[in-house]
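2 protein chains.
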Amino acid sequence: MVQANNLGLALRARARNGELSGHTSGLAPDLVQGNLMILPAQYAGDFLLFCQRNPKPCPLLGVSAPGEVAFPGLGQDIDIRTDLPRYRVWRDGDLVNEPVDVRAVWRDDLVSFVIGCSFSFEQALLDAGVPLRHVAQGRNVAMYKTHLSTVAAGPFHGPMVVSMRPMKAAHAIRAVQITSRFPGVHGAPVHLGDPGQIGISRLDAPDYGDAVEVLPDELPVFWACGVTPQAVVQAARLPFCITHAPGAMLVTDLTNVSLASL
Amino acid sequence: MVQANNLGLALRARARNGELSGHTSGLAPDLVQGNLMILPAQYAGDFLLFCQRNPKPCPLLGVSAPGEVAFPGLGQDIDIRTDLPRYRVWRDGDLVNEPVDVRAVWRDDLVSFVIGCSFSFEQALLDAGVPLRHVAQGRNVAMYKTHLSTVAAGPFHGPMVVSMRPMKAAHAIRAVQITSRFPGVHGAPVHLGDPGQIGISRLDAPDYGDAVEVLPDELPVFWACGVTPQAVVQAARLPFCITHAPGAMLVTDLTNVSLASL
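Here the protein sequences come in this chain order: A and B. One point on numbering: in this note's numbering, the residue at position 260 of the first sequence is 260, and numbering is uninterrupted. One point on numbering: in this note's numbering, the residue at position 195 of the second sequence is 195, and numbering is uninterrupted.
One or more of the hints may lead you astray.
For identical chains, the list gives no copy identity; a pair is met inside one copy or between any two copies.
To be verified - Pairs of lysine-lysine residues, derived as DSS-like cross-links and limited to a Cα-Cα distance of at most 25 Å, are as follows:
no., residue 1, residue 2
1, Lys-56, Lys-145
2, Lys-145, Lys-168
3, Lys-56, Lys-168
In case anyone wonders, no lab produced these hints; they're calculated from the structure.
Construct the complete structure from the given sequences, taking the supplied hints into account.
Printed below as a string of structure tokens:
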């Protein structure tokens, strides 16, 4: 379902012409935002297989043909080279540039993957009255490497990364119900309670994002995270790849509500 | 949906003729079993309101007219006075008898309430591969008074009673999903994790049923329990009422599957 108004198109136009070069969080709360991974075609088959084998951390919203820059299934007139506010360019696993468009490094063999993002279910949680501390405090969500393993495909393997949101028990139960409706954006939690059971030793020292307090009457609730494919691709040290810059997502024309399974 | 075979009818006939006078657990795993509460009509309005106000502990499957003994919506040829294996008769809040039928104390002003039972969702959990320790060990489920309050109606008020099942986190998440599909038999858990948050000081000393071990890698998961209305009615010390004896339920002709909301 494509939203009637043109907010997604307008935000992509602002990114394209350079007016928007920062975070997209909160700019379009009703619209699906996506993580981006662009790889040479020779790696695309294995990465596609990795996503298929690990749907909770890697829920695919769209995959392009090699060299193609449009995503008509995700939005009107998308140019994947220009329509995100900021990109990261990686060579041999190292970050080499953070440009606002990637036309200068574009190649006809590049395949683009758009992967679902927890922004979609966070809006559903807030709408249902489940508070999210990192949102209230204007921080990035806390993310951790775990000892939960992914299923490998070609050069892609490594641990699952999870995001953590502290919740009272009744909210955690409600959050399982709500996020179960969104299998296309990570779905239900993968764990709750004792962080040590999934290999997290210190909640106050996340591997990505910002630490957030867990109060004595709260449980940490853990979801599979879209950072997993990024970590896996970086660990594979491909000669070349492109991602979005953290928080600077592809704003699509799809509504979050349209992703709900029920 | 009434089951095609006549297992429910056959079990009720065995209770009626005295062949079956004990527990019904496991006798008809696919069929809905119900808790029974029979009250004089003068209290029935308030009790109905209490159930309406507290649907999680008191999910109503059926209510009779005064004096009526059939429940055509729940099964073929039910006589509520004879078709449960064993009853409890209460006077002024005290248990006075445990007969195998209640024809001798029947009155034309009695209203019968059949209330959903967790047997229904337990079968769904087992079918989904979620182990239940009390079932594996052949024990009654552990039940606790909490400091969660019910919403009062007339003389009926008191704390919510909950049942507890220990689970690994991933099973607890799956159990939230599965039991959310069964709002007619208590639905999703009301709490998980720290028992002290709902006023339970000792998990090894349940107020009803049998204690069951919670292993270090498990969370206690708590559901609203059909013992709540029984405890509330007993506390109200009505001059007269009848309940089923613990575990000796009304076996209906409805399938558990037919109660699933999705």
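Now the hints, each set against the structure:
1. Lys-56 to Lys-145: within (15 Å within a copy, 38 Å between copies)
2. Lys-145 to Lys-168: both (23 Å within a copy, 20 Å between copies)
3. Lys-56 to Lys-168: This pair counts as both: shortest intra-copy Cα distance 23 Å, inter-copy 19 Å.
Of the numbered hints stated above, none is contradicted by the structure.
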